[in-house]
Amino acid sequence: MATKGDTILEVRDLVKHYPLNQGIVFKKQIGAIKAVDGVSFDLARGETLGIVGESGCGKSTLAKVLMALERPTSGTVKIDGRDIGRARGGELKRMRRNIQMVMQDPYTSLNPRMTVGDIVGEPFDIHTEVAPKGDRNRKVQELLEVVGLNPDHINRYPHQFSGGQRQRIGIARGLALQPEIIVCDEPVSALDVSIQAQVINLLERLQNEFNLAYIFIAHDLSVVRHISDRVGVMYLGKIVELGKDTEIYDRPAHPYSQALLSAVPVPDPEGRENRERIILQGDPPSPANPPSGCRFRTRCWKAQEICATEEPLLEIRPGTDHESACHFAETHDVVHASS
Amino acid sequence: MSKTSLEALPAEGGLGNEPLLAVDDLHVEFATRGGAVKAVNGVSYSLDAGETLAVLGESGSGKSVTAQAIMGILDIPPARIPKGEVRFHGTDLLKLSEEARTQVRGQRIAMIFQDALSALNPVFTVGWQISEMFRVHRGMSKRDSMKKAVELMDRVRIPAAKQRVNDYPHQFSGGMRQRIMIAMSIALDPEVLIADEPTTALDVTVQAQVMELLAELQRESNMGMILITHDLGVVADVADKIAVMYAGRIVENAPVHDIYKAPAHPYTKGLLESIPRVDHKGQELYAIKGLPPNLLAMPTGCAFHPRCPYRQDNCVTDVPPLYEISGTRNSACHYWREVLDGDQG
Ligand SMILES: Nc1ncnc2c1ncn2[C@@H]1O[C@H](COP(=O)(O)OP(=O)(O)O)[C@@H](O)[C@H]1O
Ligand SMILES: Nc1ncnc2c1ncn2[C@@H]1O[C@H](COP(=O)(O)OP(=O)(O)O)[C@@H](O)[C@H]1O
Ligand code: SF4
Ligand SMILES: [Mg+2]
Ligand SMILES: [Mg+2]
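Protein chains in written order, with UniProt numbering: chain D, 1 to 339; chain R, 1 to 345.
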């Protein structure tokens, strides 16, 4: 097994546009929904990169393109140095083995008519080399045990499990092919607090045990801080800030990150009267028609003329210690500061 | 004490020591094929004007059913209220005639729900739905009531209210729809607003907008607010006092500062230790073991005992009463002293 630290996933200028059509019989493309619009980052072995942002900013689309479930409009996704977008046939199959997904809703992402054994073992049907036929049940039971489920329950159906247990089934399935990367799209969002903690702890334990690299997508900023080594903040299809967890949470530099963080309620009533709140006005603009220049400028209290004419690139800016995409980036701790 | 006519209710303000709203030993069951589901098992809480009570608990703990009983919108049957009172200005609403209750519901006690889209009617404009409150309850003309609707949309800060009053619910974002729900709920100046997970489906920035709006409306009108939520962060932000629910019971209630400083029930303590924090990274999360109980087969003694690190033998046999810790604080745990001192667990 390779060591922790070297890059396993390399994403460059990734773009995914969905055509916006008009007419039912004679479809005419009248534009595009720019769901993901130029995203770049690296992920190291054994590392967790958290992705946060409000609904519609392109998180799930990014996940699908990383998984090669959707073809990118442009840009590259390299796993272990090989471009998954160019891979075909046997090579694509091998690469797909290495990147697996855990999804939000344990209720809908599992087929209700399949037994847990069939669900967890299904990846073996496509990748027979991992588990030869006679070995399959034993492998599935091993996986159930790894995620803390009773291996004797292999013949039960999803409805016989609680929400947290169903999420464990999803995780067992994600582990089946021994991937090095797991993309988790809101894996604990549907769970109650006490169950959420069980699943987060499980994900962390598995990461240590198997040196897994995670892309951890969630809208809950507290959960993301807890689990991530680095965090990317997305707004309207772009990463606007990227850095280590302390860089993002204690020293955010982009106004959007600051607004987002200041809106997170802190579970401690002490000093709540003095907590800083940046209340954004209105809703994010449509990804079909994003603002020129900086996409955040229509809601930004710092916006100047240059923000409408020049797109701020994601780079390390003067006075800050990590990448942000704002012409007026400036570190400001909103989580701990009181005004 | 309880009277059966609406005239018994004073128009405004309190009656002696009686709180604005008091739920007292409320029980609610549902008849199902598997037997009687005991969704609410002796819930008590109270609310004064201008006060915010947070009802905290995980899904299935009985928060919404309690609220529905207060509003009188439970379907009876399958629901049944074998015991308990819901006193509003000292009058038990459960004993009022349906006609008298209609005068309270929506007018003096109003409610907003998590899912604004399904609570709004998709085939009517939002203006029509808001203005209906004034036509039905205040006998206003169509013209005047529509004018009131625009005023309310302004008040809940929907941009360009005048232009948007004839739009349909689906033409609004989730946050804006929640504002429309809020507009409808405050239309008739209620004294109590029950907000059932009003921001659970919303993004955090929109949640902040909606919570700010609710706090402002409350300040303006001195409404009492019951905020139902599972979010310990939201509670810490806005509540004056908290009632924690588990398996259909209140297991702890206290002023907000007390409970975060030192919880007095193992379940509350477990919840507080199991949430990740935005303000620091923290160690491995504490995880309350096991699952909430099946309401058809409740554990004996304390319902939390199968998951509790403080459990002793008597927890398995004796149902803990709601022990009084101080004049404003209670805990339904035999070992609340140990929990409060942080002795073990
Ligand atoms: N298959 C699709 N066709 C058209 N538009 C889509 C499709 N999938 C997602 N979108 C749009 O792309 C944007 C980003 O969506 P998504 O990636 O699901 O965001 P998130 O996961 O951050 O909530 C949204 O505006 C969404 O409506
Ligand atoms: N109409 C009904 N029939 C049967 N059981 C019900 C009905 N409504 C609610 N319940 C049950 O009552 C319990 C409490 O529900 P609820 O008050 O909605 O929980 P919460 O709001 O705390 O998530 C749940 O176990 C739920 O399944
Ligand atoms: S009564 Fe016993 S089982 Fe219940 S919470 Fe207290 S210590 Fe735990
Ligand atoms: Mg998504
Ligand atoms: Mg509910």
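Hints listed in this document are in silico derivations from the structure and should not be mistaken for laboratory results. Given the structure is predicted, the values throughout are model-derived calculations rather than measurements. Among the clues, some could well be false.
Example chain R residues on the side facing chain D (calculated, C-beta under 7 Å, incomplete) [what the hints assert, rightly or not]:
#	residue
1	GLU58
2	HIS170
3	GLN171
4	SER173
5	ALA201
6	GLU216
7	ARG219
8	LEU232
9	GLY233
10	VAL234
11	LEU271
12	SER274
13	ILE275
14	PRO276
15	ALA287
Even glycine gets a Cβ: it sits at the ideal position worked out from N, Cα and C.
Results of checking the hints against the structure:
At about 4 Å, the closest approach between the beta carbon of GLU58 of chain R and any beta carbon in chain D falls short of 7 Å, and the interface hint on this residue holds. Interface restraint check for HIS170 of chain R: the shortest CB-CB distance to chain D comes to about 15 Å, outside 7 Å, so the restraint is violated. Here the hint on GLN171 of chain R is broken, as its CB sits about 12 Å from the closest CB of chain D, past 7 Å. Hint status for SER173 of chain R relative to chain D: holds, with the closest Cβ pair at about 5 Å, below 7 Å.
Taken as an interface hint, ALA201 of chain R does not check out: its beta carbon lies about 10 Å from the nearest beta carbon of chain D, beyond 7 Å. Interface hint status for GLU216 of chain R: violated, as the beta-carbon distance to the closest one in chain D is roughly 11 Å, over 7 Å. For ARG219 of chain R, the interface hint is violated, the least distance from its beta-carbon to any beta-carbon of chain D being 13 Å, above 7 Å. Given hint, LEU232 of chain R at the interface with chain D, holds; its Cβ is 4 Å from that chain's nearest Cβ, closer than 7 Å.
A hinted interface residue such as GLY233 of chain R counts as satisfied when its beta carbon comes closer than 7 Å to some beta carbon of chain D; here the least separation is about 3 Å, so the hint holds. The closest approach between the C-beta of VAL234 of chain R and any C-beta of chain D is roughly 5 Å, which is under the 7 Å cut-off, so the hint is satisfied. Among the interface hints, the one on LEU271 of chain R holds; its C-beta lies about 6 Å from the nearest C-beta in chain D, closer than the 7 Å criterion. The restraint placing SER274 of chain R at the interface with chain D holds, with a minimum CB-CB distance near 4 Å, inside the 7 Å limit.
Here the hint on ILE275 of chain R is kept, as its CB sits about 6 Å from the closest CB of chain D, short of 7 Å. Taking 7 Å as the C-beta contact cut-off toward chain D, the hint placing PRO276 of chain R at the interface holds, the least distance being around 3 Å. For ALA287 of chain R, the suggested interface contact is upheld, since its CB lies about 4 Å from the closest CB of chain D, less than 7 Å.
In this structure, the earlier hints numbered 2, 3, 5, 6, 7 are contradicted, and the remaining ones agree with it.
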